[in-house]
Structures are given as C-alpha cells and as structure tokens.
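A.B. asks: Those sequence lines, one after another, are chains R and H.
Okay, so the first sequence: first residue is 10 according to the numbering used here, each after it adds one.
Okay, so the second sequence: first residue is 4 according to the numbering used here, each after it adds one.
Incorrect hints may appear among the rest.
To be verified - Label pairs and their calculated CB-CB ranges: (1) H/Gly27 with R/Leu410: 44 to 52 Å; (2) R/Asn436 with H/Arg89: 32 to 40 Å; (3) R/Arg414 with H/Arg89: 51 to 59 Å; (4) R/Asp27 with H/Gln40: 52 to 60 Å; (5) H/Ala105 with R/Arg414: 41 to 49 Å; (6) H/Asp74 with R/Asn436: 32 to 40 Å.
No wet-lab data here; the hints were simulated from the structure.
All C-beta atoms, glycine included, are put in the ideal place defined by N, C-alpha and C.
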Amino acid sequence: MNWWQRLVRPAYMEDRLDAELRDHFERQVAANVSRGMAPEEARRAARLEFGGLEQVKEDCRDARGTLWVETAWQDIRFAARTLRKSPGFTAAAVATLALGIGANTAIFSVVYAVLLKPLPYAAPDRLVTMTTYIPQVRDRFPSLPVRAIDFVEFRKSNSVFSGMAAMEAFDFSLTGAGEPERLYGARVSASLFSLLGVQPERGRGFLPEEDEPGRDRVAVISHELWMHRWGGDPGILNRTVSLNGQLYLVVGIMPAGFLFPTGKQLHPLVAFGPRVDVWKPMAFDQNDLTSEGSWNFGVIARLKPGVPAATAEQQLNAIAQGIVQQVKKQIPDLAFDLRAQLVPLREVFSGNVRQGLMVLLATVGLLLAIGCINLANLLLARMSSRERELATRVALGAPRLRLVRQLLTESLVIAALGGTAGLLVANWGTRLLVALAAADLPAVQLLHLNAPVLLFTMAAALITGLAFGLAPAWRTARGDLHEHLKEARGASSGARAGRSRRILVAVEVALSTGLLAVAGLLLHSFVRVMKVDKGFGVERILSADLALPEERYDDRQAVAFYTQLVESVRGLPGVASAGAVSGLPLVNETNTRMIYLESDHEYLLDRPVAIFRAVTPGYFSTMGITLLAGRFFDDPETLRAAVIGAALARKLWPAEPVTHAVGKRIRTGDVKSDPLLTIVGVTGDVATGGLEREPMPLFYRPYAQAPLYRMTLVVRTVEEPQALAPAIRAATWKLDKDLPIAAMKTMRAIVSDSVAPRRFQMVLVVLFAALSLALALVGIYGVASYAVARQTQEIGLRMALGAQKGDVMRSVLAQGLRPVVAGLAVGLIGARLAAVLVRSLLFGVDPLDPVALVGVTCVLLIAAALACYLPARRAARLDPVIALRCE
Amino acid sequence: MTSPKSDLPQGTLDMLILQVVACGPIHGYAIAQRIQQISRDVLQVQQGSLYPALHRLENRGLLGADWKESDTGREAKFYKLTAKGRAQLKTETANWARLSEAIGLILQSAEGGAL
Numbered sequence: 010m011n012w013w014q015r016l017v018r019p020a021y022m023e024d025r026l027d028a029e030l031r032d033h034f035e036r037q038v039a040a041n042v043s044r045g046m047a048p049e050e051a052r053r054a055a056r057l058e059f060g061g062l063e064q065v066k067e068d069c070r071d072a073r074g075t076l077w078v079e080t081a082w083q084d085i086r087f088a089a090r091t092l093r094k095s096p097g098f099t100a101a102a103v104a105t106l107a108l109g110i111g112a113n114t115a116i117f118s119v120v121y122a123v124l125l126k127p128l129p130y131a132a133p134d135r136l137v138t139m140t141t142y143i144p145q146v147r148d149r150f151p152s153l154p155v156r157a158i159d160f161v162e163f164r165k166s167n168s169v170f171s172g173m174a175a176m177e178a179f180d181f182s183l184t185g186a187g188e189p190e191r192l193y194g195a196r197v198s199a200s201l202f203s204l205l206g207v208q209p210e211r212g213r214g215f216l217p218e219e220d221e222p223g224r225d226r227v228a229v230i231s232h233e234l235w236m237h238r239w240g241g242d243p244g245i246l247n248r249t250v251s252l253n254g255q256l257y258l259v260v261g262i263m264p265a266g267f268l269f270p271t272g273k274q275l276h277p278l279v280a281f282g283p284r285v286d287v288w289k290p291m292a293f294d295q296n297d298l299t300s301e302g303s304w305n306f307g308v309i310a311r312l313k314p315g316v317p318a319a320t321a322e323q324q325l326n327a328i329a330q331g332i333v334q335q336v337k338k339q340i341p342d343l344a345f346d347l348r349a350q351l352v353p354l355r356e357v358f359s360g361n362v363r364q365g366l367m368v369l370l371a372t373v374g375l376l377l378a379i380g381c382i383n384l385a386n387l388l389l390a391r392m393s394s395r396e397r398e399l400a401t402r403v404a405l406g407a408p409r410l411r412l413v414r415q416l417l418t419e420s421l422v423i424a425a426l427g428g429t430a431g432l433l434v435a436n437w438g439t440r441l442l443v444a445l446a447a448a449d450l451p452a453v454q455l456l457h458l459n460a461p462v463l464l465f466t467m468a469a470a471l472i473t474g475l476a477f478g479l480a481p482a483w484r485t486a487r488g489d490l491h492e493h494l495k496e497a498r499g500a501s502s503g504a505r506a507g508r509s510r511r512i513l514v515a516v517e518v519a520l521s522t523g524l525l526a527v528a529g530l531l532l533h534s535f536v537r538v539m540k541v542d543k544g545f546g547v548e549r550i551l552s553a554d555l556a557l558p559e560e561r562y563d564d565r566q567a568v569a570f571y572t573q574l575v576e577s578v579r580g581l582p583g584v585a586s587a588g589a590v591s592g593l594p595l596v597n598e599t600n601t602r603m604i605y606l607e608s609d610h611e612y613l614l615d616r617p618v619a620i621f622r623a624v625t626p627g628y629f630s631t632m633g634i635t636l637l638a639g640r641f642f643d644d645p646e647t648l649r650a651a652v653i654g655a656a657l658a659r660k661l662w663p664a665e666p667v668t669h670a671v672g673k674r675i676r677t678g679d680v681k682s683d684p685l686l687t688i689v690g691v692t693g694d695v696a697t698g699g700l701e702r703e704p705m706p707l708f709y710r711p712y713a714q715a716p717l718y719r720m721t722l723v724v725r726t727v728e729e730p731q732a733l734a735p736a737i738r739a740a741t742w743k744l745d746k747d748l749p750i751a752a753m754k755t756m757r758a759i760v761s762d763s764v765a766p767r768r769f770q771m772v773l774v775v776l777f778a779a780l781s782l783a784l785a786l787v788g789i790y791g792v793a794s795y796a797v798a799r800q801t802q803e804i805g806l807r808m809a810l811g812a813q814k815g816d817v818m819r820s821v822l823a824q825g826l827r828p829v830v831a832g833l834a835v836g837l838i839g840a841r842l843a844a845v846l847v848r849s850l851l852f853g854v855d856p857l858d859p860v861a862l863v864g865v866t867c868v869l870l871i872a873a874a875l876a877c878y879l880p881a882r883r884a885a886r887l888d889p890v891i892a893l894r895c896e
Numbered sequence: 004m005t006s007p008k009s010d011l012p013q014g015t016l017d018m019l020i021l022q023v024v025a026c027g028p029i030h031g032y033a034i035a036q037r038i039q040q041i042s043r044d045v046l047q048v049q050q051g052s053l054y055p056a057l058h059r060l061e062n063r064g065l066l067g068a069d070w071k072e073s074d075t076g077r078e079a080k081f082y083k084l085t086a087k088g089r090a091q092l093k094t095e096t097a098n099w100a101r102l103s104e105a106i107g108l109i110l111q112s113a114e115g116g117a118l
C-alpha cells in the first residue's frame, strides 16, 4: 500500500482494514464453533476476545503514522471547501492572479524568446557578426557593412575564425507556372549553412565550387516557400525554377522555422525582406570586387574555440591596416582609416528591443505585485470576519502552527488556481503579442510556451502565493486570538487590521501611480511621434513595389515601362494622380550617395551622405511633398537636374537659407567621374528612417536620367485606396504579364508599421497600467466599505446626535482618500525615478512632463473618489435607529 | 487453557511476527495461531496488539502484503517478508541470541553465587 493509494483512496484503505479484521473475526468464530460452541455463543466469545474493534482500527491507523502528504491533502481539501463557501472572494482572487501571472508569463515568454533562448544554431556562442567602421566618419556611420574586396582579404588572412560568410539581400521574381510572385532572397557565401551548423531538411547546401560566377545558378528554398508554392511536393528538388528570368536548380529545402536575419537586423544598411524565401550562392563577380565597390555585405563568422572576440578584433584590425595601405596607394592624401568590430550574433536578433522588453517585464512585475497586495488586502478583510472561527479552533486545541499552515495552504491553493488560469491567459496573451508585434519584434516567430516559461509561471504562482498569504498568516501566528472569544466585536484588532489595510492601499496606489506615470509618458511620446511633420501625405495613397527583371529589360525599356505604367494608371477611374519612386519614405533608406560641392576636386570624407531617389513626373504631387523654392522636374527634364531636401541644403550650405540652394551645382557619388547636377528645386523635409529620427539629407533625380529596375508605384485615389488594387494590378499585367506585384500597401499602413514597436510597447504599458489602476481601485473600495461596515454604530450615533448626511459622506471620503493621497505622493516621487530609467524610450517629452504627471494625478484622484463614493453614500443613507442597534 | 500466560517484552512481538512470516505468506489470524501454537500456548497475541504491529511493520517496509483468496473462500491479506524485513529479522535474532545468552550468563552466575 503506497502513499499514493493512501492519498487518493482513503476510503479504499478503510475498507481493506475492515475486511482484514473481519476475516480474523470470522476465523475466530469458526474456530470457536469447531471447538463445540453454538454459533451464537461462538460469535459472542469472539467479540469479547476482540475487544473494541474501533480501538484496534484506530491503533492500526496510528501505526501507519501520518504522512505529511496526508495532512497537506487534508489542508488542501479543507481550503477548497472554505474557498467554495465564499465564491465571490475566490473568483476575485483567482481572476486577479490569473491576470497578473498570465501577463507576466506572456511577457516573459517574449523576453525568453528574444533575449535568453540560445540561437538555433550549432554552438551559437561563438557566432559573431563583423562590421567595419571608418573612424573619420564614425559620428555619422557608427558601423558599416563590409566591402566584397575587403571581405575576401579578411577571410584569406585571418586565423581567428573557423569560417566567415558574407550575405546581402537579393530579391527574385518567380515566374513560370502560376501567378508571378515576388520572393525575398539572399546571396550568401556557399559556406553559410555549414558555418551556422544548420543543414537543409531535404537535399543539400551549396558546394564550395558553386561560390564562383557562372556556376551559381542553384537555389536553396525555405520550408515555408516549399509548402506555400509547391504544397510540400518533394519533386521540386533537383528541378529548375525561373528566378528573375533565369533558370535555377533547386538543390535544398531548409528546415521549417530556420532563423535568418530579416529586415535590418543584421545591419541597418543590409536590409533583407520581412522573410527570406530563397538563398543563392554569393559568387562575387568583378563588379562586386572593384575597389570602389560599395559597403554592402553583412558578415557572419565563427570564432575558433578558445579565441576571445577581443583577440580576433586585434588581428582583424591588423588586416584592415593592410587594406588601408592599398587604398592610400590609389588616393594618397585621403584621411582614411579602417577598423573591424565584432558583435555577438545573439544581439543581432535581440536588436534594440532589450530595454523596451525590460521595461515591459518590470511593468508586468509591478502589476503582479499590485495584484498580490490586493489579495493580501482581501485576505486581511476575510481574516477579520474569520477571527472568531480561528479563535474557536485554537480554543478547541488546534496547534497555532497548524492554523498558520492552513491559512498558507489556502493562499497556495488560490495561487495554484490563479497560476493555472494564468497559463490560459498567457497562452492567449502570447498569441495576441505575436499578432501585435508583427515583424518588428525579432525572433518572436519562435515564441511559444515551453519549459522555462512554465517554470517561470510556477515560480511566479508559488512566490505570489507565499507573498500574499504571509501577512494574514503572520497575524494569526502573532495575534491574540483569544481576545475574540471574549469580546463580541474585535474592535481593537479590527483597528489594527484597518491600519494594515490602509498601508497596503497606499502602497498599491504608489505602485500604480508609477506605472500610470510611465504609461502617460509613453502615451504622450506616441502622440508626439504621430504628430511629427512627416513632409508627405498619408491619406488615400496606395503603393505597389515592382521589380523589372534585368534579364528582359534594358535601361531604355525600363524607362518606357514605368512611363507607360504611370500614364495608364493615371487614366484609371478613381485615380487622382500617380507617380513612381525608387524608395518610399520610411521604407527603403539604403541607397545613398556622397554629395560633393562644385568646388570639390578630391575625395573628402566630411561631405554629407544623402539618400538617393529616382522619381517619375507626378511623384511629388501624388505624395504631397511641399516645394520650398525653385521647381519640380519638367517632363521631360532637359537639364542634368536634381531636387534636394531642405536637410541636404542645410548640410551643404549651413550659412545660407535653404532656398538659396536653387541654381547651385553638386556632384553625387564619385567626385572625379560623376557629372555636375544643377539643383532646380528644394523640398520640405521628408521623414526618413523613422518618424522619430532627424530627417536625413536626401536628393531626387528624374527617373529618365537615372533609371532603376526596382520602383514603387504610388497612386493617390479619390475613394478608399485598396479598392483600386485590382485595377492597378491589371494595368501592370497588361504591360508585362510576368511581373510579380507584392501586396499593395497604403501610405497609412506604412506609417503605422514604422511606429509598430513603439505602439506595441505603449499599448502594453498603458494596458498594464490601466489594470493596475483597476486593482488599486478595488483595494480602495474594499477598505472604504470595510471601514463603513465597522463604524456603523459610530456613524449611527453621530447622525442621531445631529450630523448631516453631507458631514458623514465627507468624513468617509476623507478617510478613504487619506491612504490614496499618501500613496500618490510617494508614487509621484517613484515616477520621477522611473521616468529617468525610461528616458531613452521617450520622444519629445520631458521625463517630468507635466501633461502626463498632472493627467495621471487627476485620473487617479477622480477614480479613487468614485471608488470611495459608493461606501460614502451607503454610510450617508444609514438609518440611525437601525445602525445603533446593529451588532 | 489454564497454563500461565506471559506478557511479551517490548519489541519482541515484532521479531516474533517477522519470524513467523519468514516461513511463507500468511494472514493475520494464522500468525496469532502460529505464535500461540509454537510457544505451546505460553504466548497469546491479542488482536489489539497484533494488527497495529502488522501495520507498523508494513509501513516500515519490513513486511509486504497481498490480498489473495484463502481457504475460507474469502479474500484475506497475506503478509510476506521483504528483503529489508529479512535483514531486520537476521539482526534482531542475532541481537536476541546475544541478549538471552548474556541474561543466561548473569542468571547462572547469580545462582552460582547464591550457592
């Protein structure tokens, strides 16, 4: 008979004991009968010999001893019974905890997935990403991707890495069977997959010889693309597909969920798509390897075992010195230096969200703390009404320790229920988080509840159970329970309980004030961000990304295509205007050029770098970009012309008003070889790289003079923009039926996406702060009602002596609000500290922002007054006669 | 039934039970019978001490138990010795032997001294 059976089948145990003794008894009777007694007498004799059956049984039970599990089980069952008797209390307690634990678990699972979980690569601790920087321009470019020519040099000469792989974004148009589709892709060194230690789930990775031009028409596809495009048909392996009009052999399929940098994770200047569908070998060609080659390539490397990153950096910097010598041979007087820096790959994927996540974690932690305080408060109130019950039990001989354990068990049972319900909340919450976070929270795709997260929940439940159970248990252990048997009403200890509860409410209010203040600051920051002058219109503008395959188009054909496309879209019913641009604001900021003055004849590193955009006629008016001076491009433009943004004018000619830039001439790109351009117009600043950042310098060229194959069509519509999407698609396919069109986005959605991380953070903090306020209000209300209930006689007496209803209400309100005001004062001091901690998350508001702080104070006071009003009104409506009689 | 009955010294009942059970699975009634029979009716075990002792030994893991059909057709609880019980019996028997030898020596020398 093991402890488990004893625990779960106590009735069975009893039954067996009974059967055993009965068997003995029957045998005794049989023996007596065989000795010649009459049956009746045989039974009587046996019974006499047996003595007290119940006593034997009791001794047997004692002999088995008591298991702690049995007592614990008793405690738990007793707790369950008690809790069932007060369903209101239980529901409130469990709901509070479920919310607190659920929110904590959900946020923790994000923190775990983003910051703690090991990357899904072999020995991920030794993976680093390498970038370079030029000390002379480091203020503008803290880090740069690596040039192809330098990458080759670094890889050849280093002895600190066991492998090095370069990569850049390389998108594809997939044509052939089915609708043409735009795929996000990457060019990667052939060794990348083995470097990461992830092999394709089917087929193979790239072979070393495929890293050479001409042999690189092979592709590895993602599991997701395989499923979505080919329905998981393994026959796709070793078949050719048409990518950008060329045939590629599909050699491998990566496993589902293979983690690869997306967006600007790897480097702000190496922008991958929101997912990567296709990989092809890097195969550097002569174009890539020129010394003028651009700083384009992201690099992932694996440190050899035992080599610290600092040692590796030293060696890489020595190699960089050699590169600098090479450059100086060509341009002797250039003040130019090159350094390499390594960052753990882990940080690429956690990105800059660490602080934001920590703030969220702290926020939910506080929410849970407030929840616990609330529960302690509820339990204290309950204790006051149970004091007589407990006193009776002590009087009947229950050991005090046993009572304390009983009370703690009750708390733990609530915590366990709350924890279980919390898991459901967390499960639902993480899904909500994933939906809210969209693509901007890195590694969130890998998010699910798992063992560490479950451990976290259990620990959270246990700790909260102990935390809020301790206060009442402590009071029981210490308090003089016998008093309650003597007095009819525990006035003295009631007062003590009232005081602890008021203190708890003050603490609750203080914590909640801190949270509300942070939420207020973030909310105000968000409003400020949304109010930033973007410099372009947002309403009723639809955009569509297009990429002409270079194989089928030359520059002249590309110009013809986009000119015709803009023309025909402009002719569609419901279209107000249309144009095309090589990069939309807030989306694509990687195409940059160095800008030189007409007087410059040498390479100068301190000249500004500006974003380059090619535009068709109609772009500026469609986007609603304002002209400060000069003109937009003519159609056709006869001059070698440029339109610049005000920010560039300020950089180039800081002493002059921006309007004076018109008519001046600049060179973009190479100071020796690129032609002079005449500035024909200056536009207002347009938000670049995010609404929160200073607008970057920017210049436009007429599309016909600087054709590109990848353009974005922008259309201003008369009605709801998405309604025109099918017509625009049809117009495009009329010109080229093989051209894939990615999902069309409204400008409103693009702006909204650009602030998604901030909104995500703000919404969550505001939500948690609101919940904390709700909890605090429950606490305030509870204490005020309790005070009214306890003072019924006193209030009745005062009313009988002539106190007016107003006086009674005022006094109840004043009493109820006293802890609130105290908590608020402390909370505002705390908010001051918290605001400093979150300073870097604020935008355009001071950490002592009066709008947020005054707002928070008002909200809290009004809400608290409302919470006290109900008990106050109840007090004012008391009938003195009844109140005086009330026991 | 007029032979004098003896009270068992503390702790010896456990040893007797282990000894009886060591012969093979046996139920409570039979254990009492066996003890009585072997001791030629000197030792009578009351149910009031037998069953708590059995349950205590079972709880300490010295005895195991199975419910099996018995000669009466009813199910009875048959006790058997566990490995731990067997070891315990061995040490207790040895202890007992030493103890009774020692007591015997003392009694003998006391008698001798009296002579």
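A.B. asks: Does each hint fit the structure? Answer for all of them.
C.D. replies: Here's how the hints hold up against the structure:
1. H/Gly27 with R/Leu410: 44 to 52 Å: 46 Å, holds
2. R/Asn436 with H/Arg89: 32 to 40 Å: 53 Å, violated
3. R/Arg414 with H/Arg89: 51 to 59 Å: 39 Å, violated
4. R/Asp27 with H/Gln40: 52 to 60 Å: At 27 Å between Cβs, range violated.
5. H/Ala105 with R/Arg414: 41 to 49 Å: Holds, since H/Ala105 and R/Arg414 (Cβ atoms, about 47 Å apart) stay within the stated range.
6. H/Asp74 with R/Asn436: 32 to 40 Å: 59 Å, violated
Checked against the numbered hints above, the structure violates hints 2, 3, 4 and 6; every other hint is satisfied.
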